[in-house]
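Q: Residue numbers (the working numbering), protein chains in the order written: chain A, 1 to 410; chain B, 1 to 319; chain C, 1 to 290.
Read the hints as simulated data drawn from the structure, not as lab findings.
Calculated lysine-lysine pairs in the DSSO-like style (CA-CA distance at most 30 Å, straight line): (1) A:K261 x C:K61; (2) A:K200 x A:K278; (3) A:K183 x A:K408; (4) A:K261 x A:K406; (5) A:K183 x A:K406; (6) A:K278 x A:K408; (7) C:K61 x A:K278; (8) C:K61 x A:K281; (9) A:K281 x A:K308; (10) A:K347 x A:K76; (11) C:K61 x A:K386; (12) A:K309 x C:K61; (13) A:K261 x A:K408; (14) A:K308 x A:K406; (15) A:K162 x A:K208.
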Amino acid sequence: MSTEKRRLHASRRGFVAGGTALAGVLGMPAIGAAQARAIKIGLLHPVTGFVAYNGAQSRLGAQLAIDEINAAGGIKSMAGAKLEAVLGDTQAKVEIGVAEVEKMNEAGVAAIVGCFQSAIVLATTQSAAKYGIPYVVDVGASDLITSRGLTNVFRLKPGFGKCVDAAVLALDGINGGAGKVAKSAVIVHESSEFGTGTAKLLSERLPKINIDVKEVIKHDNPTRNFDNVALRIRSLQPDIVVMSNYQNEYVLLARTLHQQKVNLAGLFSVLGGGFNFKFVKDLPDVAEYMMDHNHWFAPTNPRAQAMKKQVEASGTTLFTFEIYLSYNAVKLIADALERAGSADKEKLTAALASSTWSGHFMPYGPTKFVNGQNEGGEGATLQALKGEIEVVYPAQFASAKPVFPKPKFG
Amino acid sequence: MSRVGLLALGALAVACVLPHLLGSNYAVNVVTMILFTAFLGQSWNIAGGFAGQTSFGHVVFFGTGAYASTILHVSHGWSPWAGWIVAIGAGALVGLVIGVLSFRAGLRGSYFALITLAFAEVFRIVANSVEFTRGGLGLLIRADPRPENFQFRNPIWFYYLALALVLASLAIAFWLTRSRFGAQLAAIRENEDAARALGIDVLRAKTVCMTISGAMAGAGGTFYAQKYLYVDPSIAYGVEKSVEMLLVSMIGGAGTVFGPLVGAAMLMGLGEITRASSNTQGLSLIVYGVILIVIVAYLPDGVIGLFRRRSGERGAPRA
Amino acid sequence: MLSFDILLAGVINGLAAGAIYVLVAVGLTLIYGVLHIINFAHGSLLMLAMYGVYFLFRSAKLDPYMALPIVMAGSFVFGYLLYRLVIGRFSHGKDENILLITLGLSIIIDNAALFLFTGDTQTIDVPYAGEIVAIGAAFLPVAKLIAFVAALALCAALGLFMQRSDLGRAIRAVAKERQGARLVGIDVENVFAVSYGIGIACLGAAACLLMPSFYVSPSSGHAFVLIAFTTVVLGGMGSFLGALVGGFVIGITESLGGLLLGEQLGQIGISLIFILILLVRPTGLFGGGR
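Throw the hints in and build the complete structure from the sequences for me.
A: Below you can see the structure in the form of structure tokens.
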């Protein structure tokens, strides 16, 4: 027993000695002097419920950013103050999300990042606004989010209005490059805010690039099977199908269209919920040649590739868009904290509003917030080719040329 | 004054000063939602507990109320307070219609429960498809926290409003335990055919009951819409709310006056505690589910039943 | 606007979809008929069975159709034990309590799946996934054709079991007259557990037949439960034949409704038919009085 005690004393002494030495090396104040207080960041995501996967991925990305920032010495302009995550689960319910914001406010968070579902983003940003807490929306497509005049709301990624514009532009470019093969389309979308809003904009914009929208098909979440949608599409014979759905329905629809051998020049999705590495890996025949306009990292950026490797090292985690969008949201906040030199909510909000941050590895330039929306944000057009996801448009970020039209079924 | 009466008065006094004692907006929000859920639960309890007409689709009244006032406010500039009256009427109307249709067809028990579920689904799909609800896009109420907009900067006012609603619902429930109408409902609950044989107009009683229940839930809809400022088809007509309404009543004690209040306090308190207990995906809800089963297993008559057995009091007519 | 070809194809698609609804509904109606409870855990248990099929495929490369006997047996045992150890024991015989317990179970099972398997959606890619059979204008995937045939075969087998075997007779006796059955010496608790087990075994079968075309995630079972409830009520609660016919009727209604009214609005057809049947003929197509 006494030998153990001695060993314990020795190790603790060693730890203290080592710690002091380390502190000295890092140039930090020695242990015993006042340490900078941690800055709390609220991470609000639906980690249970029907979008639990997406919520968990978002949370992971945000936590990776916090760990990285802390490991690099915290917020330098605030004496190396570390970031501390305050986790909240919205359970995909509005009232729970709002309750969590109240809790986070009482925990003294300097900012909140969240929360995947547009409806809950709308309600929770409003709650945060009562307390002046800056809220960075990581995922949440609705344009309503940044058009309510709330000064505490910031969104790094473009809303679906801008995404549709860019997607249509890309489609026009790709179509043009193939000799304007596509002249007609059928739109399939999910019935909530995201899909409905996107589809509405698409129906308006597609005719402007000479693509006639033959039909708009709306479906529920969840949908049990798409056999009849495929049947209908086959009878309408459009050149392309444009999709806006969440993950499960996206995969099921793509699979069904493939199974039923519906001949199309291409399958194009805007903010396709299921277009990710897992889809391409698990169902390569279905995914091949599918195109998606989405938030994506710049494939040529070495930091992006390094992070992808790090995340995928676990073998079970995929580098999905939720991860890097939340990661960037936290890093944006860190940049603003550095410039503000304080976690005071008003100063932080002002710093966010004036930010010109380019530390993200996304395929666009520095941030520029207008009414909380980052005007500098851009999506990229992707295509699944030979089991990989390549950026095919715009050319300056592209890693491969688009294949359009895709080959017909034999 | 009886012991129970004194207790109730004491509880009321505490309830009135509670938000000032709590000193935390989060806590005030939690109690507000407990009271609100108790109110909705009581609406279910009127039909499901007192009259024995279990419904799985009670959200249909809630959602209709929420949409009624919100559409009038957002698309037609009505004051939400006026819209509230309309919402109560809308809830009552839907209650009346569903009641008449279902009871005239002689639907009882599980069949009635499932038809209410079907009605809720129909409303949800219709809400998702028509223009005036903006379908899946939902309706956003502009944030302008002034009392005339039925929005309050200080959450304490939502608390007092919820408290008022709960008191009203308790009064209605209490009235049922004392009135002839309530006795008729109890008779119908115990044995509908015997009640009919006794000369009770069963159809009328059940329909009136559904109308009252619908009116209450409709009132709840407007409250919710004004608190969270956004309504869409799944928020308005999603099945989870129906389940919540019946759960708090059944856990607390269906057919009792205070059942929904007790049930709401227990379940929501349990929810807050389990959610705070773990950040691991799913773990907190597993604990919640286990505790739920334990409660049902050891308190088969609901929590109120436990007290009743202990004190030997025979309050509301309940077998 | 829609040609006869397309409508016929819609009917065929509806029959294929209906096969799955039949299996889910048969289990639900059996559980209702015997135990008089609405099993709120039905969707969660389907999801669990689907995960079972997924893991068998991934680890043992076992084809879902080959796995049918294993998954059905496993599901039966799980259901039997679930009733014996949890539902039967804790409900004290009160019907409302069984409802709440199955509700609690569904919460536990859903979140246990989330905790153990994460929220990620999983699919299996069987080698014959791309093969189709052309019937008129309908392109029916082979997997769905097999599902249709298998569902009919299983229903026939179950029907025979219920009619001819001693246990089947005991189950029908308990369903008709619980007290009387107890009086003639039937172990009613055992019959309850067996019935629940068989109901879950049907889910196991449905899972095997679904996985080649569908997917599994912790919340994927619920998509089928509402429609199973509709089927059960349509066919008559407790009626086995009703679930069989009802499942196909619902499948075809959903299919044609989707073609004629649009995919989302078409879903309304199901609920409306449901309401209409209940108002006009409350006991369902084949149900006895209740």
